[in-house]
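K.L.:
This is what each chain is made of:
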Amino acid sequence: MSAPPRAVELGLVGCTVCGQVCRAPGPLAQAACPRCGAVLRRRKAGSLARSWAFLIAAFIFYIPANLLPIMRTVSLGDVDDNTILSGVVELWVKGSPDLAVIVFAASIMVPMLKFVVLATLLVCAQRRSRWAQVQRARLYRLVDLIGYWSMLDVFVVSLLTALVRFGFFSEVEPLPGVIYFGLTVILTMLASMSFDPRLTWDTDKDAP
Amino acid sequence: MSDEHKPGPYDDLPEPAVRRRRLNASLIWLVPTLAALVGLSLAVKAWLQQGPTIRISFASAEGVEADKTEVKYKNVVIGRVEAVDLSEDRKRVIVKVALNKSAESFATAGTRYWVERPRIGLGGVSGVGTLLSGSYIGADVGDSQERKAFFVGLENPPAVMRGAPGKSFVLHSDDLGSLDIGSPVYYRRIRVGRVSSYQLDEDGKGVTLRIFVDGPNDRYVTRSARFWNASGVDVSLGADGLKVNSQSLATVIAGGVAFQDPPGPHDTTPAAEDTRFTLFADRATAMAPPDGPGQYVRMRFDQSVRGLAVGAPVEFLGVNIGRVVSINLDYDAGRQRFPALVGALLYPQRLGRAYEKLAAAAASHGGEEGLLGTLVAHGLRAQMRVGNLLTGQMYVALDFVPNAPKATFDPRAKPLELPTAPGSFDKLQEQVVQIVDKVQKIPFDSIGRHLDDSLAGLDGALKQVNGQLLPQLNRTLEGAQQTLHSANGALSADAPLQRELGDTLEQLQRMARSLRALTDYLGVHPEALLRGRQDAPPPPAPPSPGRKP
Ligand SMILES: [Zn+2]
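Those protein sequences? They're chains Y and B, same order as listed. Just so we're aligned, residue 1 is where the first sequence starts under the UniProt record's numbering, counting upward by one. Just so we're aligned, residue 1 is where the second sequence starts under the UniProt record's numbering, counting upward by one.
Accuracy of the hints is not assured; some may be wrong.
For each label pair, taking beta carbons as the anchor points, the in silico distance ranges come out as [to be verified]:
1. Arg6/Y x Leu40/B: 43 to 53 Å
2. Leu30/B x Leu142/Y: 28 to 38 Å
3. Leu160/Y x Ala46/B: 47 to 57 Å
The calculated lysine-lysine pairs, modelled on DSSO-like cross-linking and capped at a C-alpha distance of 30 Å, are [stated by the list, open to error]:
4. Lys94/Y x Lys68/B
5. Lys94/Y x Lys96/B
6. Lys94/Y x Lys45/B
By construction, these hints were calculated from the structure, which means they are not laboratory data. Nothing here was measured: the structure is a model prediction, and the numbers come from that model. Where a beta carbon is used, it is the ideal one built from N, C-alpha and C, also for glycine.
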């Protein structure tokens, strides 16, 4: 075996909270850190299941988030209900292509990217694949980093709602779509948080 | 791979403590399940709200936008425009509308759709709200239950909503005037309804209008109601002067219909729905008693017809019984003259009771023409007279001319020709000339001179009065005043004259007393007359002056 040894091979386990290293010769069950009392685990508990669950829920909410209008703008009596996509189109048509690109990236591309990346990571981890492990690790860091940045739409809507309150002539009102969109973003964040990146490297059949 | 208990340098590390097991991780699958349920409920809700889809054809899609324009009934949103397309022949636009589930009854035959957009017309501004809220498609549901998916949209909002309280009536008129759909209907100058539609008659000889009078004011439309066109200002300059008549400023601009009951006894039963009425040109015509059939007569005037216009009244003994309908020139080759042929329509029924009696009499004279013949024999002639000296408007008067030259009258002629008498205008001119002559004969100069002299004499007389008579009069009056003054002084209670009189009377009394005392003394002592008085008690001392006895 050319690879450097891992904690499990050395019969050790580290506390994820305080960093205390303990001896763990056998399979870990109902173990707690002797120092801080946190639950000791070799890997995050049920990481794959949690990630899958959150990811699937996020994907389900992503459908109404895109179909339902997220925001109603009223300007001079012209009532305009916009979904994410129609908002992007309108921004583009009305001469703000840069804004359109940003909103498109944040609200359409990033969530989609998260779905694809998380799904890939999960599938590969489940199959203990050795394929492109380094890149997968990088992807995970990327997904984790993006995190709440795809909340952009939610931020925009809440900001506009707070700012533009000129009564009859101009008004911005959030619509249910924005809730589903927010839920989607939160659930993808939870999914990426639940994923244990160490699983990417657990390629052995008998790994925990 | 990993050996059980491999000795190593970490054996002195602590053992983990044993803890009880936590909740089952599979509960996490509740999250996606919940999400799925929410998504499903959304889908079900959307599916339940899905109503029928209809297509409406419009002439133009102005103000209609896909995904944005709403369909409203009584300002409640009942659907939304999904798509706007051209029809296959490109003549109209087809608007695809997704109705709400609750608005299924609007996809039935009889429902009317129109685009409500701001409209600025003579009748006013409508749909102002849509300026701000954007256009929308208005709907008015019908009674029908028959399903329908294709509609032809109205170009204008319907004047009357279905189910609105009120009644609709049919008016018939010669022309539309300035009326339009939506033109107001007035009752006593209050707006109570509007014109809902109009169309040409089948024969093209008139216009039929439908009006709608809102409840509860529809009850004022009685069976004998008279309708007239209240459009515009009715200015007429006729033989009877200048007449200006208008209903209101709004009708001047936009036109309108007014109605009212005729004066006098009439049927006040409210008229039934769709009752037919005549729309008169103006109020006077509407309120006039019915004319009955007109009788055309022709008159031949041997004089200028200047001032006589078509429409000029024909009066019989001052009662308007018709109007002039035509004025033409004829040529009399024999006399080298151009007589004027004036045609007129007479409405004998306007004579009222006289007509009834005349009709009875006509029966014994061989019809109306025979009666007319008798009247002509008695001197009935047509004359042109000046109706208005200011404007020179003429009218035709039918009057009995005394000592009229005999005229021929053919009662069987078609048209009837009434004999004429020289117009009053020539006579009037003559009379005016005579008056002017007489006026000229008045010797204004000498009158003036005499008046001057007389005035001078009067002036002198007045001066005399002023200068001589008045001072003397003044003095006399002063003297009289003085006399009266002295008289007043003498007669007043505290005047000296009065007091002196009183004193005198008192002294006189005293004297009388002493005299009595003396006579009494002498009666007892008569010798005293000779010897003088002895010492005897003296007579009582006279009382001090002013002391009453
Ligand atoms: Zn610890």
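K.L.:
Determine for every hint whether it applies to the structure shown.
P.N.:
These are the hints, each one checked on the structure:
{"no.": "1", "hint": "Arg6/Y x Leu40/B: 43 to 53 Å", "in the structure": "holds (44 Å)"}
{"no.": "2", "hint": "Leu30/B x Leu142/Y: 28 to 38 Å", "in the structure": "holds (29 Å)"}
{"no.": "3", "hint": "Leu160/Y x Ala46/B: 47 to 57 Å", "in the structure": "violated (26 Å)"}
{"no.": "4", "hint": "Lys94/Y x Lys68/B", "in the structure": "holds (17 Å)"}
{"no.": "5", "hint": "Lys94/Y x Lys96/B", "in the structure": "holds (26 Å)"}
{"no.": "6", "hint": "Lys94/Y x Lys45/B", "in the structure": "violated (33 Å)"}
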